[in-house]
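Got chain A sorted already, so can you dock chain B onto it with the hints?
In order, the protein sequences belong to chains A and B.
At position 497 of the first sequence (counting the first as 1) the number is 499 in the working numbering, and the numbers step up by one without a gap.
At position 34 of the second sequence (counting the first as 1) the number is 16 in the working numbering, and the numbers step up by one without a gap.
A hint or two may mislead.
Unchecked claim - Below, computed lysine-lysine pairings styled on DSSO-like, alpha-carbon distance capped at 30 Å: (1) A:LYS558 <-> B:LYS80; (2) A:LYS504 <-> A:LYS613; (3) B:LYS21 <-> A:LYS558; (4) A:LYS504 <-> B:LYS80; (5) A:LYS504 <-> B:LYS37; (6) B:LYS37 <-> B:LYS70; (7) A:LYS688 <-> A:LYS249; (8) B:LYS37 <-> B:LYS80.
FYI, nobody ran anything at the bench for these hints, they're computed from the structure.
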Amino acid sequence: MVRSWLPVWLCLLLALLCAGIAARSHYRTDMGDFLPHAHSLAQQALDAQVSSGGASRILMLSIEGAPPAALAQLSLGLGARLRRNPAFVAVLNGDDAAMAGVQAFVWGHRYLLSADSTPALFTVAGLRAALQNDLTLLASDFGAAAAQSLPADPTGAALSLAQQLDAAAGHGPETQDGAWFSPDGRSALLLLRTAAPGFDIDAQAKVLALIRQDFASLRAAVPGAQQARLRESGPGVFAVDTRDVTKRDVSRLSILATAGAVLFLLIAYRSPRVLLLGLLPVACGALAATAAVSLAFGFVHAITLGFGVTLIGEAMDYSIYLLTQTLKGDRADRTLARIWPTLRLGALTSIAGFCTMLLSDFTGFAQLGLFSVAGLLGAAGVTRFVLPVLVPDGFFASGAAGIGAPLRLLLRWQQPARSVLVVLLAAAVIALAAHRGPIWDDNLLNLSPLSPATQALDQRLRHDLGVPDTRYFIAYRAPSMDQALETSEQMQTVLAPLVTEKIIGGYDLPSLVLPSDRTQRARLDALPDDATLHAAFMQAISGLPFRPDSFVPFFKDVARARAGGLLTEASLPALLSLRLQSMLMPSGHGWTVLAPLQNVADAARLDASLKAALPAGAVLVDLDRQSTDLLHTFQREAVTLAVAGSLAILVLLFVGLHSPRRVLAVAGPVGAAVILTAAILTLGGKLSIFMVAGFLLIVALGSNYCLFFARGDQAPEERARALASIMLANLCTVAAYGLLSLSHIPVLHDIGLTVAIGTFLCLVCGAAFSAPVADRLG
Amino acid sequence: MQSVRCLLALGLFLAAAPRAHAQVTWGLAPLMQSLAEVKAASATFTETKTMALLKTPLQSSGTLHYVAPDYVRKTVLAPTLQDFVLQKDAVTLTAGGKTQHFDLSQAPPLAGLVEGVRATLAGDLPSLQHFYTIALSGDAETWQLLLRPRDASVSRFLSWLSIRGSGNRVTEIDTGGARGDLSRMSVDETIDHGP
Chain A
3 MVRSWLPVWL CLLLALLCAG IAARSHYRTD MGDFLPHAHS LAQQALDAQV
53 SSGGASRILM LSIEGAPPAA LAQLSLGLGA RLRRNPAFVA VLNGDDAAMA
103 GVQAFVWGHR YLLSADSTPA LFTVAGLRAA LQNDLTLLAS DFGAAAAQSL
153 PADPTGAALS LAQQLDAAAG HGPETQDGAW FSPDGRSALL LLRTAAPGFD
203 IDAQAKVLAL IRQDFASLRA AVPGAQQARL RESGPGVFAV DTRDVTKRDV
253 SRLSILATAG AVLFLLIAYR SPRVLLLGLL PVACGALAAT AAVSLAFGFV
303 HAITLGFGVT LIGEAMDYSI YLLTQTLKGD RADRTLARIW PTLRLGALTS
353 IAGFCTMLLS DFTGFAQLGL FSVAGLLGAA GVTRFVLPVL VPDGFFASGA
403 AGIGAPLRLL LRWQQPARSV LVVLLAAAVI ALAAHRGPIW DDNLLNLSPL
453 SPATQALDQR LRHDLGVPDT RYFIAYRAPS MDQALETSEQ MQTVLAPLVT
503 EKIIGGYDLP SLVLPSDRTQ RARLDALPDD ATLHAAFMQA ISGLPFRPDS
553 FVPFFKDVAR ARAGGLLTEA SLPALLSLRL QSMLMPSGHG WTVLAPLQNV
603 ADAARLDASL KAALPAGAVL VDLDRQSTDL LHTFQREAVT LAVAGSLAIL
653 VLLFVGLHSP RRVLAVAGPV GAAVILTAAI LTLGGKLSIF MVAGFLLIVA
703 LGSNYCLFFA RGDQAPEERA RALASIMLAN LCTVAAYGLL SLSHIPVLHD
753 IGLTVAIGTF LCLVCGAAFS APVADRLG
Chain B
-17 MQSVRCLLAL GLFLAAAPRA HAQVTWGLAP LMQSLAEVKA ASATFTETKT
33 MALLKTPLQS SGTLHYVAPD YVRKTVLAPT LQDFVLQKDA VTLTAGGKTQ
83 HFDLSQAPPL AGLVEGVRAT LAGDLPSLQH FYTIALSGDA ETWQLLLRPR
133 DASVSRFLSW LSIRGSGNRV TEIDTGGARG DLSRMSVDET IDHGP
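With the rest of the complex left out, here is chain A:
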């Protein structure tokens, strides 16, 4: 034969092109990009909280394992260092220095910020009432402290603002030696807010490295602190840990999985060169898939990449079928001509199955669908056009004969095997039908790759630091920031009574940080000019024991407030600015407000009292329900896609095989294997959403086995090679996916387990139920 090298060169060119595109692609890790586009306010709330909201920037540190004095010294030292770093918006640890910026801001703008700045306050009666209150304070045991601020703030604007800020910020932990401590006194606590959102994993990793480095150098310098340990928690830490664990697991397990598959291939092929050729379709397929996703979506999600490679594991089988089924003395291209119709149908059915994913609302599913479709097309193309050219003449997979032995044994005992399988199948159907309670796992935490210990540390630190995992929010939209602030002020009159009635423990609103222009202007207008203020004050003070000349700072500060302008977002110190941004964010042409409600005691009463009182367009968002809803949509979508994909495969089988009987011969064993797998998996607990993807893979891989099983028109020798190739393909799949099931990462573990069990059962069922050939084998 004269080989045409054109396909090889073409393939090389395309591979280079794809590699070029893949190298220039944007790779994203943000979970938000993987989820469906947020339509409703509630979905937007979840999205904002999950990916970039203020809650995602929280970093909690615990320093433990040394005497309290050393721990406090470490905490204060670390706080001082981190505060100098722009990567942190806030470093709170009980040290007053952390709040200095906010205190100076509140003090400097107290008349614009205080709700008490009304014309009534600056009348004679208003001032007199304030001064009388001052006398009470002076007479109390706090008199010495009050005496400091009274000359500049006789109306007590700053004091009430400070209390209001404290109430909204929640109570910090107890202070010991100037630093925050846990209630058991064993760990010093710090609460940080990073400038980068929690899911900017690279930035978070840098931040963590920086903290650990600063801590290590401090620990060396503080006497008695050598045993001290630093523990971190928070969304950013989780994101980094998850990525690291995933990276480690993926690289370790995929090397093992490849090694497992390669070992079987080496036994079968006995040729390293052919082994490499066998990997060529998968490699080219992955390149093509990455390039296709990048071109279609503008970015490739990290999950698509990691997960997609497991989806196109089928591509591995293509070369196995070709290389193993080549008979002694035959040529690869002739083998291909013989098996291509079956191989093509197998590839097309899988591609049809994955095509349904392209229609999904979930960006993640759509990307995975395209990745699989492009990957399988590429791999099938390489198997069809390139591989036959490259396989050396006279290649024969001499080690494969033995590999097919168990299958031949099974075929010899086909009748008893069928009986056993029918009984098992009946038991599985009964077990699934009788299954009580939900089959799907609704606990989001079980999808998380974090260990229970990590989650427990997070719970403890959140509790000790008083950082609640906020569940309820008020959400609304507004066309401009100022209108959002005005509505927020309206909201304040709705929410304040709920606190008094103890329906909620507290709340935060953007207008508590930055009042609207209208409110600020009204407060400014309430400030009298110097002469008027002076006259009213002198009249108010008469008869009281105060020295009038003590209050010069007050007149100066009021005059300065009158001369100053209004506050804008830009005037806020970093800590308050972050607090505002976490509640008030631009969306589309307007702004979205998310106001957290703390310690909701009675959700039903809250809902009832808000229903009537909330301004039009504002809604109460329950984040837990949102995320459960999202998970349900996700599950529904996954099941729909898997069912639609399986149907598409069935339709293609009809088209390709022309006969219902032959379709049944292929689809029947696959269906039986799926039912058995589902029953086995439910024995071990609930099914996870990731297993659904596994089921689609079982159908895609298993239907290929059964297509080869169902080929009746073969010579015995061809038949033996076909059995060997199916067995080898399945061995590689079970080895690779079985190893993945050892992973601690739910997605890898669940898919690995499902596919390993399911494809093995496909092999067994396919062999047991394959109709015509048991006796022909001889």
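Just chain B, lined up with the frame of chain A:
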């Protein structure tokens, strides 16, 4: 200063010594011990505050209640009604129909203002030493504790605190504030040794 330290060391030493000796050689530890034995006490007080802010001193009078180990209530009856309750870390101040809450664990400077009196009443030497440097003078019959805040955030408001007493009774609490502010509180205490 050296004498203070000697006194302190002596006091600590004596605290460990048998009780019979403690009655003979008096010091900080025996004083604290005798104060700690008081389970509850009530008193009337009159207070005069002289402040730079004020033309005339602020006079007030009322009652004091103490229940071991950490409850102190100061009720001003004249000239206007005012109630100040300190329990553990929670402070409630009620005056003129308004109630304000403070948390001492959140506000170390405020703790520095009130802990001196409470820790003395409780005979709680570690607390006193945590917040102040301590100088004791006099004898068991008429003693004076002079406390100076250790923390700069407290000494901004409070330069010193003097507590005078006789036996296990407190008779006078004087406070020296910033800018020469001065508060003098005389206490007429009756001790209730409890059940």
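Each hint tested on the structure:
1. A:LYS558 <-> B:LYS80: It holds: about 29 Å lies between the C-alpha atoms, which stays within 30 Å.
2. A:LYS504 <-> A:LYS613: holds (17 Å)
3. B:LYS21 <-> A:LYS558: violated (51 Å)
4. A:LYS504 <-> B:LYS80: Given pair A:LYS504, B:LYS80 holds - Cα atoms ~19 Å apart, limit 30 Å.
5. A:LYS504 <-> B:LYS37: violated (44 Å)
6. B:LYS37 <-> B:LYS70: Between B:LYS37 and B:LYS70 the Cα gap is close to 35 Å, so the pair fails against 30 Å, i.e. violated.
7. A:LYS688 <-> A:LYS249: holds (26 Å)
8. B:LYS37 <-> B:LYS80: Roughly 26 Å between the alpha carbons, so the hint for B:LYS37 and B:LYS80 holds.
Hint compliance for this structure: hints 3, 5, 6 are broken, all remaining hints hold.
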